Amino acid sequence: MIEKITDPEKLRHWGGKIELYWVYTSGKAGDLFFKKLKADGKFLAAKCKKCCWIYFPPRIYCPKDFSETEYLEVSGEGRVRAFTVARLDPYEKELKKPEIYALIDIDGTNGSIIHLLGEVNAEEVSIGMRVKPVLKPKEQMLGDLTDILYFKPI
Amino acid sequence: MVAIVGVGFCGFNSTTPDLSWKEIVYEAAIKAYSDAGINPRRDVDSFVTCEEDFWEGVAISDEFVPDQLGAVVKPTCTVCSDFLYGLATAYMQIKSGLAEIVVLEAHSKASDLKTLGNAIRHAMDPIWLRPISRAHPYYLAALEMQIYMCERGLCEEDVARVVVKNKNNALLNPSAPYAANVKLEDVMRSPKVFDPLKKMEIAQTSDGAVILVVASDEVARKLTDTPIWIKGIGWWTETNSYDTASFSALYAYKAAKMAYKMAGIANPVKEVDFAEVDDRFAFKELQHIEALQFANKFEVARLLRDGYFDRDGVIPVNVSGGSLGVGNLLECTGGQKTLEVILQLRGEAGKRQIDAEVGVAQVWRYLPTFSGAVAVLGV
Chain V
1 MIEKITDPEK LRHWGGKIEL YWVYTSGKAG DLFFKKLKAD GKFLAAKCKK
51 CCWIYFPPRI YCPKDFSETE YLEVSGEGRV RAFTVARLDP YEKELKKPEI
101 YALIDIDGTN GSIIHLLGEV NAEEVSIGMR VKPVLKPKEQ MLGDLTDILY
151 FKPI
Chain D
1 MVAIVGVGFC GFNSTTPDLS WKEIVYEAAI KAYSDAGINP RRDVDSFVTC
51 EEDFWEGVAI SDEFVPDQLG AVVKPTCTVC SDFLYGLATA YMQIKSGLAE
101 IVVLEAHSKA SDLKTLGNAI RHAMDPIWLR PISRAHPYYL AALEMQIYMC
151 ERGLCEEDVA RVVVKNKNNA LLNPSAPYAA NVKLEDVMRS PKVFDPLKKM
201 EIAQTSDGAV ILVVASDEVA RKLTDTPIWI KGIGWWTETN SYDTASFSAL
251 YAYKAAKMAY KMAGIANPVK EVDFAEVDDR FAFKELQHIE ALQFANKFEV
301 ARLLRDGYFD RDGVIPVNVS GGSLGVGNLL ECTGGQKTLE VILQLRGEAG
351 KRQIDAEVGV AQVWRYLPTF SGAVAVLGV
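Residue numbers (the numbering used here), protein chains in the order written: chain V, 1 to 154; chain D, 1 to 379.
With the rest of the complex left out, here is chain V:
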């Protein structure tokens, strides 16, 4: 047998697809975070009662020393630690409009968040650039991460 079949779809096969749905609960810290964001447009972080490390996003436990945390309010503004211009979608097809993703260190915390950058051209983004979150209109908020539309330069 020298010649090989190279297209799997020419063989007897079954095109499989399974639709699965979940409800992901955001937990105590997540629930409080998104409720506060929707109600007041304010951001919550969490400080470890033992080592004083300030987590953003907040959690009810400190992963470093496994002790409790307490909430505190932060501005939600921060600095870009890293960024990339993404040109492909999950199917490796070209995105209609490239998206800028950034890892943003949040002011007043030891934490950071990965989110989109908006109202800025890729060429204008730099490491260390100060950015602030842009929120959805209150009535459209869903209580999840998409309530922050993107971060934009200050």
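No lab work stands behind these hints, which were simulated from the structure alone. This one's a predicted model, so the numbers in the text were calculated from it and none came from an experiment. Don't be surprised by glycine CBs; every beta carbon is placed ideally from N, CA and C. There may be inaccurate statements among the hints.
[Said to hold, decoys possible] The calculated DMTMM-like cross-link candidates involving lysine to aspartate or glutamate, where the alpha carbons are at most 20 Å apart (straight line), are:
(1) V:Lys-28 x D:Asp-125
(2) D:Lys-114 x V:Glu-19
(3) V:Lys-49 x V:Glu-73
(4) V:Lys-17 x D:Glu-56
(5) D:Lys-254 x V:Glu-119
(6) D:Lys-192 x D:Asp-225
(7) V:Lys-93 x D:Asp-195
(8) D:Lys-257 x D:Glu-271
(9) D:Lys-22 x D:Asp-112
(10) V:Lys-10 x D:Asp-18
(11) V:Lys-93 x D:Glu-156
(12) D:Lys-31 x D:Asp-195
[Unchecked claim] So, partial list: chain D residues that the calculated Cβ filter (under 8 Å) puts toward chain V:
(13) Ser-61
(14) Leu-129
(15) Pro-131
(16) Ser-190
(17) Leu-197
[Stated by the list, open to error] To be clear about the criterion: a stretch of chain D counts as covered by chain V if any three or more of its residues have a C-beta under 8 Å from a C-beta of chain V, and this derived list gives those stretches:
(18) 9 to 18
(19) 83 to 92
(20) 241 to 251
(21) 293 to 302
Start from chain V and add chain D according to the hints.
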């Protein structure tokens, strides 16, 4: 000590339309048992397999394992992780006295998976990361790459050279579907699909299987004159959170520390002859070389440029062509790296044979993780 007494593999290919994943495993299994001179139905005490349901497209995929391995009606367990974690499990089963001969299996039929990007998205934190991730998850690697390049003062060429080395190394490996005679300017011209990450710096997926027969000291000496000893093994996880991660392959450094300690290795540069490291994104190879302590953190790029990690260098890295040459084998990635170390130590690596007595295999748990494992093998 615990030894590897048999090895078999099938692949590696960009697609395998003529064989189902079970048949790929069967082909590799026959070779491994023939190599070890054993009958799986009679001689094997335990089977360890490594897989992940999302890669397989079936749930409880461990239930599909026994038939093609000769493992029905036998003790079988699945490690939901890379091959190297399975090697640690096999090692422990033998050291504990539970088994004398263990078979270890991992495979990839990545070509069956039409939505790799979405499978990786399902590994992202569903509250704090996934909802805003519309692009291919490769963007996460690009962010880490930029942080690493800034912290180490690397230029684009420093990363691109990894692709040049590995794809050219792969030319001597008949089982490397992504081998290519590429030059630095070819890589530099590759489109920045996730700036600064270039298309050619991302390992494409491939299919295949790797199977080992692992045995206790006593049994190994009876079965073969050329056992490959597992001198050290380690694994480590940092965190799954992008807000607390170090972005410096701490997982690989710590896993290596664990494996080196067990192997009694104090000075890796002097005591390790070569390594197969995870290079599924080109910059990861630089991170991992540093983590394995083959170079100081600000020296890696210069040494790579000077040929220190070439096939004829001081510490050859990814002589097989690495994942950039052989392909991303999902949970079998550590299997391909271990396979290469075994073939080199046995003197069975053909045209790419190097002279070596101690080799290291290292793997990362891929996106979006900060986990990995390291094994030290020797003759």
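Broken hints, numbered, in rising order? When the structure is compared with the hints, numbers 5, 6, 11, 12, 13, 16, 19, 21 turn out to be violated.
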